[in-house]
Amino acid sequence: MGNESINWDKLGFDYIKTDKRYLAHWRDGAWDQGTLTEDNVLHISEGSTALHYGQQCFEGLKAYRAKDGSINLFRPYQNAARMQRSCSRLLMPHVPTEQFIEACKQVVRANERFIPPYGTGGALYLRPFVIGVGDNIGVRAAPEFIFSVFCIPVGPYFKGGMKPHNFVISSYDRAAPQGTGAAKVGGNYAASMMPGAEAKKANFADAIYLDPLTHTKIEEVGSANFFGITHDDQFITPKSPSVLPGITRLSLIELAQSRLGLKVTEGEVFIDKLDLFKEAGACGTAAVITPIGGISYKDKLHVFHSETDVGPVTQRLYKELTGIQSGDIEGPAGWIVKV
Numbered sequence: 001m002g003n004e005s006i007n008w009d010k011l012g013f014d015y016i017k018t019d020k021r022y023l024a025h026w027r028d029g030a031w032d033q034g035t036l037t038e039d040n041v042l043h044i045s046e047g048s049t050a051l052h053y054g055q056q057c058f059e060g061l062k063a064y065r066a067k068d069g070s071i072n073l074f075r076p077y078q079n080a081a082r083m084q085r086s087c088s089r090l091l092m093p094h095v096p097t098e099q100f101i102e103a104c105k106q107v108v109r110a111n112e113r114f115i116p117p118y119g120t121g122g123a124l125y126l127r128p129f130v131i132g133v134g135d136n137i138g139v140r141a142a143p144e145f146i147f148s149v150f151c152i153p154v155g156p157y158f159k160g161g162m163k164p165h166n167f168v169i170s171s172y173d174r175a176a177p178q179g180t181g182a183a184k185v186g187g188n189y190a191a192s193m194m195p196g197a198e199a200k201k202a203n204f205a206d207a208i209y210l211d212p213l214t215h216t217k218i219e220e221v222g223s224a225n226f227f228g229i230t231h232d233d234q235f236i237t238p239k240s241p242s243v244l245p246g247i248t249r250l251s252l253i254e255l256a257q258s259r260l261g262l263k264v265t266e267g268e269v270f271i272d273k274l275d276l277f278k279e280a281g282a283c284g285t286a287a288v289i290t291p292i293g294g295i296s297y298k299d300k301l302h303v304f305h306s307e308t309d310v311g312p313v314t315q316r317l318y319k320e321l322t323g324i325q326s327g328d329i330e331g332p333a334g335w336i337v338k339v
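For the sequence shown, the numbering used here assigns the number 1 to the initial residue and increments by one for each residue that follows.
Quick caveat, the hints were computed from the structure, so don't treat them as lab data.
Quick caveat: nothing in here was measured; it's all calculated off a predicted structure.
Just so you know, even glycine gets a beta-carbon here, dropped at the ideal spot from N, CA and C.
One or more hints might be untrue.
Listed next, the in silico DSS-like pairs over lysine-lysine satisfying Cα-Cα at most 25 angstroms (straight line) [claimed, not checked]:
#	residue 1	residue 2
1	Lys-300	Lys-319
2	Lys-298	Lys-319
3	Lys-273	Lys-263
For each label pair, taking beta carbons as the anchor points, the in silico distance ranges come out as [said to hold, decoys possible]:
#	residue 1	residue 2	range
4	Pro-117	Phe-58	25 to 33 angstroms
5	Asp-28	Pro-245	51 to 59 angstroms
6	Asp-9	Gln-315	16 to 24 angstroms
7	Gln-315	Pro-96	25 to 33 angstroms
8	Glu-268	Leu-42	25 to 33 angstroms
9	Glu-198	Phe-58	18 to 26 angstroms
10	Phe-58	Pro-241	43 to 51 angstroms
Please build the complete structure, drawing on both the sequences and the hints.
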């Protein structure tokens, strides 16, 4: 596919085969230098631990075309560090930070023609991942590993503008206490597929998960992090060992405090105390912010600011963060890495 055949205004979040991806192997205790390849098919042993025991992790980040034509990677050092934490949890070798960053840069350069133009609201989404491979059948760490990065052009998450969505509390658990919730591993997402499908069937955007221990506190919104804005302008987001430490969440925490002057709290968000919040949202790499219009719990819908209009604080946070990502607003030191 040439970029001349891409309708930038109709891009969604779907797989598109791009020109090249990065591929590196870990054997005999070390990663090789890695290479770019046109082959988008992985060739692995049928006994690979990634297939049978879920020994794998992944990341998601974006590259943006700035107004001056340059290319911005948003906070890739944070992605590298989080992948290293995920690898530690699953007994996989760390990908060195510099190799991670260099791999991402190589993939962006090799697929530059797929970066959506400035002003379209789109970006080049990068998906780094590590998987356990090699001949094995026992429940143990793999003898070999693959680190790869591929990319796809994606459009703006909100077609026709950012609008609130309604969510429903799920009776299912996403991740167990002391489990793998804080690691970005496939098993956590597999566990969310059925609850998410049930929520969508009931005409909700997705499911919201409560803490597995007591089922009294909000933990995550689908595959995103939750935040709320209180009536006295506090930014509150759940803190738990089973919540994924999102990079968008981290960025919003810093911006809410430094740019908007809000008091920030990482703590408990009780499901029976939603009246504390005048606005609420979900945040993640794909959408940046998804405004939450209402949350359905025990067949009652609690509405925040509005089911149709985005709250002013949420709107300010969204404009600040997307402005930094596109290069229109100066970001904090180290947030933007030029390719």
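How does the Cβ-Cβ distance of Pro-117 and Phe-58 compare with 25 to 33 angstroms: does it lie in that range?
holds (27 angstroms)
Given the range 43 to 51 angstroms, decide if the beta-carbon distance of Phe-58 to Pro-241 lies inside it.
With Cβ atoms ~20 angstroms apart, the hint is violated.
Is 25 to 33 angstroms respected by the C-beta to C-beta distance linking Gln-315 and Pro-96?
Roughly 39 angstroms apart at Cβ, these two residues miss the hinted range, so it is violated.
Quickly compare the C-alpha distance for Lys-300 and Lys-319 to 25 angstroms and report which way the hint goes.
Given that 25 angstroms is the threshold and the Cα spacing comes to 31 angstroms, the pair is violated.
Determine whether the Cβ-Cβ distance between Asp-9 and Gln-315 falls within the hinted range of 16 to 24 angstroms.
holds (23 angstroms)
Holds or violated: Lys-273 and Lys-263, Cα atoms, limit 25 angstroms.
holds (19 angstroms)
Can you tell me whether the CB distance of Glu-198 to Phe-58 sits inside 18 to 26 angstroms?
Holds, at about 24 angstroms.
Mind checking the alpha carbons of Lys-298 and Lys-319 for me, to see if they're no more than 25 angstroms apart?
Violated. Lys-298 to Lys-319 sits at ~34 angstroms, over the 25 angstroms cutoff.
With respect to the beta-carbon atoms only, verify the hint that Glu-268 and Leu-42 lie 25 to 33 angstroms apart.
violated (42 angstroms)
Consistency of beta-carbon spacing, Pro-245 to Asp-28, with hint 51 to 59 angstroms
violated (32 angstroms)
Checked against the numbered hints given earlier, the structure breaks hints 1, 2, 5, 7, 8 and 10 and satisfies all the rest.
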